[in-house]
Amino acid sequence: MARITLEHLAHSYLPAPQSPDDYALKELNLDWEDGAAYALLGASGCGKSTLLNIISGLLTPSRGRILFDGVDMTAAPTAQRNIAQVFQFPVVYDTMTVRENLAFPLRNRGRDPAYIAERVQAVARMIGMEDQLSRKARGLTADAKQKISLGRGMVRREVNALLFDEPLTVIDPHMKWELRTQLKSLHHEFGHTMIYVTHDQTEALTFADKVVVMHDGRVVQVGTPQELFERPAHTFVGYFIGSPGMNLLPATIEGDRAYVNGIHVPLGGRYGPLAGGTRIGVRPEFARLSKDEGLPVRISRIEDVGRHKILRATCFGTEINILAAEGEAIPAEASRVVFDPANVNVYADDWLVAPAQGSAA
Amino acid sequence: MEKTVNHKAWFLVLPVLVLVAFSAVIPLMTVVNYSVQDTFGQNQFFWAGLNWFRETLASERMWDALGRQLVFSGIILAIEVPLGILVALSMPKKGVWASVCLVLMALPLLIPWNVVGTIWQIFGREDIGLLGYTLNALGVDYNYTQGFFAAWTTVIVMDVWHWTSLVALLAYAGLQSIPNAYYQAARIDQASRWAVFRYIELPKMQGVLMIAVLLRFMDSFMIYTEPFVVTGGGPGNATTFLSIDLVKMALGQFDLGPAAAFSLMYFLVILLVSYVFYTVMVNMEKREGK
Amino acid sequence: MADAPALPASRVLPRVNARAVVMVAYLLFLLLPIYWLVNMSLKTNAEILGSFSLWPKDLTFRNYATILTDPSWYMGYVNSMIYVVMNTVISITVALPAAYAFSRYTFLGDKHLFFWLLTNRMAPPAVFALPFFQLYSSVGLFDTHIAVALAHCLFNVPLAVWILEGFMRGVPKEIDETAYIDGYSFPRFFVKIFMPLIASGIGVAAFFCFMFSWVELLLSRTLTSVDAKPIAATMTRTVSASGLDWGVLAAAGVLTIVPGALVIYFVRNYIAKGFALGRV
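Chains as they are written, first to last, in UniProt numbering: chain A, 1 to 361; chain B, 1 to 290; chain C, 1 to 280.
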């Protein structure tokens, strides 16, 4: 297992990239700690698969270096990196039995048959397929096939990292949960470094210790699920994570106050002068209705989703959402919204701005 | 896909049925009719029972032609299938060159069969053909109208030239259907080139290769025009395959009875072999579909 | 060719080269005989027989002029094109509903019928040559284009049904059901909705029908004498008392390659998919 470091890494699929737009992956520096479970989260086409393929060596980056435990592996072929990868669509060798599938990576590396047999047995137990070892892989269900691909990765004891490229896409919903749980317990038990690419925030947040959020070829935030929720570093994170996402309102910032269309909104800290387009971001969880204070809103719809209600509303032409507890009565005359000052974030040109003094946390 | 039971579907098949019956059943009945009759000319026929069949089965001529035919089909399958796979594996996967290769490769398939014969007839001649001239200049005694070995080689090389592309294009289509993830997984598993071929590419090509083998077997078993133009079945009877022999018998010597009996048995052999292929293929499709 | 090399960088180069070598060698093997034919068609007979040369020293288009100005020559091409097009249209027209039936419904004897159809693709033309001659003579169709077109249906219709059935199986049945719910009648649904969906399949089937009808000689020669004589049969004319007219023979051969080459050029982007016959 190893610590993986990406230095000034960038990639373009074009032979001679000119502008930043030509890069599928814009320059980034990132450390993946040994033994941690990461999720790489972003919408499709944001560059997460590109990043994954660079780590596994299926792609060579246009610029920058990739280090495993400080050793430069940028030019090393996939096989030398000792990486395992599970793909979106299950890849199994149809004509082989489950046992042969699991033994395949070790056999290719010329390992001793006794050792192979022992590892195959161990891995079959980990993925719970001991009783199906002699079956042909053809005709197995998608989740069984995905387990085999996972097993093929884990069969190599010295594997540096396990990479997952949206591995649950073709799995039935109820099996998704089971496989994810199994992955998590395997991670606890064996401590592999895991990088899990997904566009599904639930998958990312439940699986990972740390989530790397990507947007438009850029890593916009690396953090624990809680950090992503409370302090989204970029408006995209705020909008992408959470259901519904963060409310964003154009505002001018003066010291510890924000003004939305001239109406005063208190902030949790004091901010210096800001350049560019400024907005305030508040999660629906930290907004509540009021009769006489805050910003005027018009409620357009109320959705009851079980544990709570989502109020869809308009505030100066911007759609916002407010969460209300299940039992909470919604007064008919409520026409204003109040935000919890400690949880109002300030963004300048889409990036989070830290208060100059008076921490909000 | 689940199919619905609907006997009215017969109406949809009716046009095909009528057309093919007109083109196949009536002529086939004629053949059957001839096969059990004898004639002394002037359109006078009389019942000959199974005599022609007995005679044909006993005739060395038919067994020789069948033997030659089997050897020929066996050889060209043994060459064209591996060569076609090799070519498919060597083809560029995308881009302009892929299109160029595809177009050039498909070219021999669209040339009328007798022109294929003419091309090789010319190409192989020792006086005006590039191949024949070069070989003879190199001191090889090559003359496809006289040498047994030269005639066979020419006919086989011609068939390889003519049809390998069909196998290659089918195999290529199979290869194109393999998702990139399979190759990536193989790299991660450190699979050798051979292992990639054996465990990824070959299984995915299996279906189309069966079609290729079936088509090549059927068509090579019926081959007539190309060798007829080049060698005329000679030297002697060296390249007289079943169809050539049959046409000689039926149209050349007008031995309708034996020719008809011969035809029917010929057809039966093809049917039998093809049926085996077909059954295997359908079973395979069923298994894959599961 | 440089994409997705499955080996370490140091070993990539030789492998790419090996592939290129195989490809170039194979294409050379395919093109050399054709080049030789073209080469000969541009020579005079004197040059062909007199000296051996890799390219025409005395370039002439006289051979082509001979063919293109003589109706008994160029009508051969016209005849061939007529029956090939007729055959393609007939084959596809009757094969479409049948393929639909096979791909969507189970009915009495469907499997046997399907195999019986395929057996006709396996019937050696040599077996059918004489009976066809007698059949079409007796119904007065001998030496007509339609006779050849119908005869070629023997192997093209089963092939077209087989190919189309493969493509149709790939179209989800829900599409049919949705169309019926939307009030489409069967013919209107078939033409307006279904056929566009399997357009590529129809193209492939038409390509194969064209191909096999265009290249066949035995039946087309047996069933014609003058009025519908195909170009392939006309080529035997070059044998005369004074020996073979090699130049004209070669030129006629080259001209028979042209229609095929044109068709391939137009379908070049679909060849790879097409050859899978909808079964990959």
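Keep in mind that the hints were calculated from the coordinates and are not lab data. Here the structure is a predicted model, which is why all the values come from computation and not from measurement. A few of these clues could be false.
Reference listing, derived: stretches of chain C covered by chain B, where coverage requires no fewer than 3 residues with Cβ under 8 angstroms from a Cβ of chain B [as the list claims (entries may be wrong)]: (1) 21 to 34; (2) 43 to 56; (3) 106 to 116; (4) 140 to 148; (5) 151 to 165; (6) 189 to 202; (7) 263 to 270.
Ideal Cβ placement from N, Cα and C applies to all residues, glycine included.
A quick look at each hint next to the structure:
1. Interface restraint, the segment 21 to 34 of chain C with chain B: holds (10 residues with C-beta to C-beta distance below 8 angstroms; minimum three).
2. A stretch counts as covered by a chain when three or more of its residues have a beta carbon under 8 angstroms from one of that chain; for the segment 43 to 56 of chain C and chain B the count is 4, and the coverage holds.
3. Counting residues of the segment 106 to 116 of chain C whose beta carbon lies closer than 8 angstroms to any beta carbon of chain B gives 6, which reaches the threshold of three, so the coverage claim holds.
4. Counting residues of the segment 140 to 148 of chain C whose CB falls under 8 angstroms from any CB of chain B gives 0; the rule of at least 3 is not met.
5. Using a Cβ-Cβ cut-off of 8 angstroms, 6 residues of the segment 151 to 165 of chain C lie near chain B, which meets the minimum of three, so the contact claim holds.
6. Here's how the segment 189 to 202 of chain C fares: 0 of its residues keep a CB closer than 8 angstroms to some CB of chain B, so the rule of at least three is not met and the hint is violated.
7. Given a C-beta distance limit of less than 8 angstroms, the hint that chain B covers the segment 263 to 270 of chain C holds, as 5 residues qualify and 3 suffice.
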